[in-house]
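Number of protein chains: 2
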Amino acid sequence: MRLITLTPDSCTLTSATAMPRASGFLWNCKMMLHATCRGFVTAQHMQPEPAKYSHAPVVEGKTFMLPETAHYAHHPGRFVYVRDLVSQRHFSVPHEPVRRAPKAFTFTQHPERLEWSVEQDDLDIRWSLVLPVDEAVELWRLEIRNRLDIERALRIVPYFSVGYMSWMNQGARFNADLNAVIASSVTAYQKIDDYFKNHHLKDKTFLTCDRLPDAFETRREDFEGEGGLSDPDMLRAGLAGGEALYETPAAVLQFDQTLEANETQVWHFVFGPAFDEAEVACLKAAYLGPEAFERVCGEARAYVEQGRGVLAIETPDTHFDAFMNRWLARQVYYHGDTNRLTTDPQTRNYLQDALGMVFVRPQSARESLLYALSKQNADGSMPDGIKLYDGAQFSYINQVPHTDHCVWLFILLEAYLDETDDYAVLDAEVDGQGVRARLEAALRWLLKTRDHRRLSYIDQGDWNDPMNMVGWKGKGVSGWLTLAVAYALRLWVRLSGETQPWAAEAEAMNAAMNTHLWDGDWFGRGITDDDVAFGIRRDPEGRLYLNPQSFALLSGAASEAQAERMVQAVAAELETPYGVEMLGPPYTKMREDVGRLTQKSPGVAENGSVYNHAAAFYIYSLTQVKKGEKAFELMRKMLAGVDESDYVQRGQFPVFIPNYYRGDFHAHPRTAGRSSQLFNTGTVAWVYRSLIEGLFGLKGTREGLSVQPCLPAHWTEARATRQFRGSTYHVTYRRGGTPGLTLNGRPVVGNVLTLPEQPGVFEVEVGLQ
Amino acid sequence: MRLITLTPDSCTLTSATAMPRASGFLWNCKMMLHATCRGFVTAQHMQPEPAKYSHAPVVEGKTFMLPETAHYAHHPGRFVYVRDLVSQRHFSVPHEPVRRAPKAFTFTQHPERLEWSVEQDDLDIRWSLVLPVDEAVELWRLEIRNRLDIERALRIVPYFSVGYMSWMNQGARFNADLNAVIASSVTAYQKIDDYFKNHHLKDKTFLTCDRLPDAFETRREDFEGEGGLSDPDMLRAGLAGGEALYETPAAVLQFDQTLEANETQVWHFVFGPAFDEAEVACLKAAYLGPEAFERVCGEARAYVEQGRGVLAIETPDTHFDAFMNRWLARQVYYHGDTNRLTTDPQTRNYLQDALGMVFVRPQSARESLLYALSKQNADGSMPDGIKLYDGAQFSYINQVPHTDHCVWLFILLEAYLDETDDYAVLDAEVDGQGVRARLEAALRWLLKTRDHRRLSYIDQGDWNDPMNMVGWKGKGVSGWLTLAVAYALRLWVRLSGETQPWAAEAEAMNAAMNTHLWDGDWFGRGITDDDVAFGIRRDPEGRLYLNPQSFALLSGAASEAQAERMVQAVAAELETPYGVEMLGPPYTKMREDVGRLTQKSPGVAENGSVYNHAAAFYIYSLTQVKKGEKAFELMRKMLAGVDESDYVQRGQFPVFIPNYYRGDFHAHPRTAGRSSQLFNTGTVAWVYRSLIEGLFGLKGTREGLSVQPCLPAHWTEARATRQFRGSTYHVTYRRGGTPGLTLNGRPVVGNVLTLPEQPGVFEVEVGLQ
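Quick mapping for you: the protein sequence lines, in order, are chains C and P. Per my numbering: the first sequence = residues 1313 to 2081. Per my numbering: the second sequence = residues 1313 to 2081.
Treat the hints loosely; a few may be bogus.
Treat identical chains as interchangeable: a pair holds within one or across any two.
[To be verified] Straight-line distance between alpha carbons at most 30 Å, and here's what the computed DSSO-like set of lysine-lysine pairs gives: (1) Lys1503 - Lys1514; (2) Lys1760 - Lys1787; (3) Lys1699 - Lys1374; (4) Lys1699 - Lys1938.
FYI, nobody ran anything at the bench for these hints, they're computed from the structure. All of these numbers come straight from a predicted model, not from anything done at the bench.
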């Protein structure tokens, strides 16, 4: 049996142990849920700040979503114990916490739901989860089928973690009227102001079922007894029905159920946060039961379908197709439609997530651009984060000044204008100031924050957050940012039609980079406060950084000869079987003039990892210089799955691209490639753009759809369906036949399909050499 | 077999399951360690802010020490797996994580060390821990004896939790030169300032042994495999020796050891935090091995002995004697010598912990008084916390303004002057201002912060921290604080010899209380911003508060008749088998004019719990009105142990008094009495003072030692040895014989033993009716 099967409609894993961290995710506008194949679940909802309703067993630190989460016995999860009352044996679904090896196991991510199936002890069990499109609540379905021709006596015990809610007040009881375990708490606070802030919080967690349980328990420790989570005392003895009084709550129900020969029984559950019991009653009425479950599946499916994007491909690589046609667009849509369920996204993330939406729902991208500009500072700079509601607070990283945020306005703008031709946006007004004026103010701020060499100050960081000590004294500069500013300037020249002073400044900055940071085979990363260039050949660690090379290809700083050397250097020093590392060799100790980056674990996060966001930008830049072969190779590595052992090494389940794979490949091959499991990443917008505009070369222009592909040479034929400004283009790429372009069978001069008078469906043939 | 045996030299528990949370603690000037009988350990060291080196499996929230910690499989601990290589069976010591029921078990708190002994599978295992007196490091000894007359082949696997160290950098490896597992991390930070702050942090955790292991492992998850912590895969297969690369570290060693018939083998371990490997080497040299272990035991014992205090008693209640003669003084000493290992103790805690030191090392109490005064504000008020070093930050609760801190200066002063007669302290200067002037400034501030009725404003809280909405608008008053101020004024009149205006103000405040808050049978707790009296008869919840009654007895506000009614009301409404509740009935829902208190879980923390600090003050006030019978009764309830089932109900191990026992006795008898397990509490200074000055009536005066006991009537004889101003008094109390007092056989007129010309040893006889 295959370990992993990927189709556009589902991705299935057939082992809970081969890739124990393999995970999928669901979301809606109010919550996000991340589940491992073994049944551990991390969920957060927005009220409006992110909060949890199923907690760890200790007071958790507030932090961003962490990579490579290590699971442990009491990690929050959603489990069902099944005990055969005759044989006295038990197991649990999906796999935790009992961990008995099943006879058969599948974990399936559908676009809109998660599903586990387990065969064990002659039972078939299906355990399914779906989220409504606009409510923070989990809908679960449990189906148990008796495979035998005899009657079975079973004890079915769903166990939903609640965990440590609050040191101030916590508890749980069974509410018979609602047929629900309701855990209650008071979010801890000490200052009066916080009382008023916390007033509206949903401090309850509930579990309700469409069938009456035979017993229940609300106290975690009492449920477990000496047997612990893997062999709970009460599973044997029966649930005791206790009320949790300041004791760690759990929501546990017991159904002692006889199953006739071959009979199937079904249960539905709703689990989630609530403000009060009245809300539990409402949620129960809206979401509990078989009809509600089916209805929500349909609604959730329809919601995800809205994020199908503008491209469908058919290539010799069906695995690639399945991922790109469904899962990549799904991840792009998740980012753009929810802003990662944060309330103060970093400005660069916000703008790049919007860039993904250019290809999904361009109106959203336009709104995001204008909303971001509404937060612009008076001096033209952009804030470090975009507060999405009044009263949002800047989280920790957004309290640290970074200098790159303005750049991303132009990168988003280019993608948006090329795709939509909505140049009217430049004449829009935001809070009394025109977009054009605002964008030029941003450019002027970027020009102002340069040193005498015309290199851009880095302050406490640029795109690379943790590079926080290069320029904190006010003198250090960023080579990458200098190139990015030059790129932004050139974009503005093209998009605005205004040449000066922007074009000259771009040229000057590219020249400055060549003067001060060209290191023979690549561009250096920057120059510190103390005038020390870094990211250069003589550095034993961190000698080659990927980002400056990518942007040198885009900004025009690199000549063709330089480009060749850079690409070769990257191949030699940064490419690994798992993709291209962000920098190399990774830092193994603090370098005080670079900063926090160098204290990160080598090979993880940005420090020498295969940081997919950077890798995706490199891929994009390669497509811009028509190095499609290499771009495809790196894109393919990013998806993993060349063979199944590759997935196993990475622990990666191909329903999303993680923010990084472990790097440090040469020093630590054991861990290299391992997935961070984090699905929040600016990567996906760029992979999608690289695929559409780069590899398949279907990019918008003022005149129409430009067709300039750079497909890998070994693809003799490929097809793409591109939605563009209301029309559908069915494009067939063939290698080796007649070169050139035809539209509905007629040859096209040049490589632009000019806009039709009426939108329609068109057949396009592309002959490749 | 007895479940618990208490002596002055040890306290032993013979079951790991009867009282699973039973816990003991060790400390030194740099760290504190709290261990449960089952082997879970919470340790923190000061650098100088509290930090951990053995962590939970997730990023923990920074918070104060929490009550009633719920343990879970991966709670940090120190365990030893023992696997018989022939029978293939395994167990773990002390009890977690395998939890196999042992043949015999003991957990023993000695004053200076902890020791577990387990008999299982024909092995005797002893597992012992001691801390050096001035280093943050744990010294462990493992002794295994083969009880059989045949050779045994064993696999011994000590497992020390390291846990999730940092999202920024973590890992572990075995350093063969040091024979140590060394886990490394970088404390996570994002701001540059924090880099410099974190510079000196001990970010490593190490485990070293005086014997060479056969194998090791540093990766928690790999060690466990599918078997989990209770049946780790590697215990069977042998440890694989991996390096942890950003994986959750653990320190695990493997010793495959043959034990001859009846042979004993011994291992020593050192575990703790370190800055670098050089420090590991130093700590290893200083503390590893049998000699070091024995030496440290001796030094630690000598250190604890310095805290023996000034009283040794011999009564018909030997359990009471054992606790009071050793364990209470030990806990008093812990508080006073370490300030609870905080860096910004709340001012009232700091002053009361110093009050305990009056009876242990009076010089420290003097220093604390003067140090506290050095932090006095210009307006005479005291800050909410006392910063113990430059750069200490006010923790959360100390950012909330409370109005009672000044009061405790006078309460400490009284105890200090009575014990030492060091009235010269009043003439000392603190930062250019005399102590007398500072104290009067404090009084004036207290007088200034009263309303027109002469009732004291409560602001956002008084002694009762979470009563934060009574007076946040600036009008609400505290009945308790009014009485406490009156008490402080009267103390000052007595101690300073200055009568006015203080005596008149005290009288006026007592009168104001009687006018505005006498409720017929007791004093009310306060009046809110909106002029609503509370803590009164008509309140359905929180109708009777203990603290105002205690202080009314001390301040003189209560007439004798009122005192009788109050004591009766307290007995009727607040006394429970587990002591006297702080208020009753507990609040079950928010009362917005009282505040956070009412949102606390009913029966825990202050909300209707047996809050021992308040109970101790009540006991003290009872002794001041010579209600010794009731005082003793409540003191005895505070210690628990009337019979063993009482300990079991409370889960309390009699080596410390916890800050609270669960209350809400009438509504929730199941959980009532349960110990918070927190040994940080202002309780102990007051119990000690009540014992010395109250029950045994051996209180200092200007002339000498006053003898005015109020022992329980059923004690026909009791003895006490009292150290006082350099002399030793052996006091024998006898009931029923000749009343009166003799010194070395000679009758004494009055009840004061005037100071001898030379300190000496004196025999005192007290005849009681």
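Checked hints:
Only within a single protomer do Lys1503 and Lys1514 lie at most 30 Å apart by alpha-carbon distance; the minimum there is 19 Å, versus 32 Å between protomers. For a Cα distance limit of 30 Å, the shortest separation of Lys1760 from Lys1787 inside one copy, 13 Å, qualifies, whereas the shortest one across copies, 54 Å, does not. Taking the shortest Cα distances, Lys1699 and Lys1374 sit within 30 Å of each other both inside one copy (18 Å) and across copies (26 Å). For a Cα distance limit of 30 Å, the shortest separation of Lys1699 from Lys1938 qualifies neither inside one copy, at 38 Å, nor across copies, at 64 Å.
Against the hints set out earlier in the document, a violation occurs for number 4 only.
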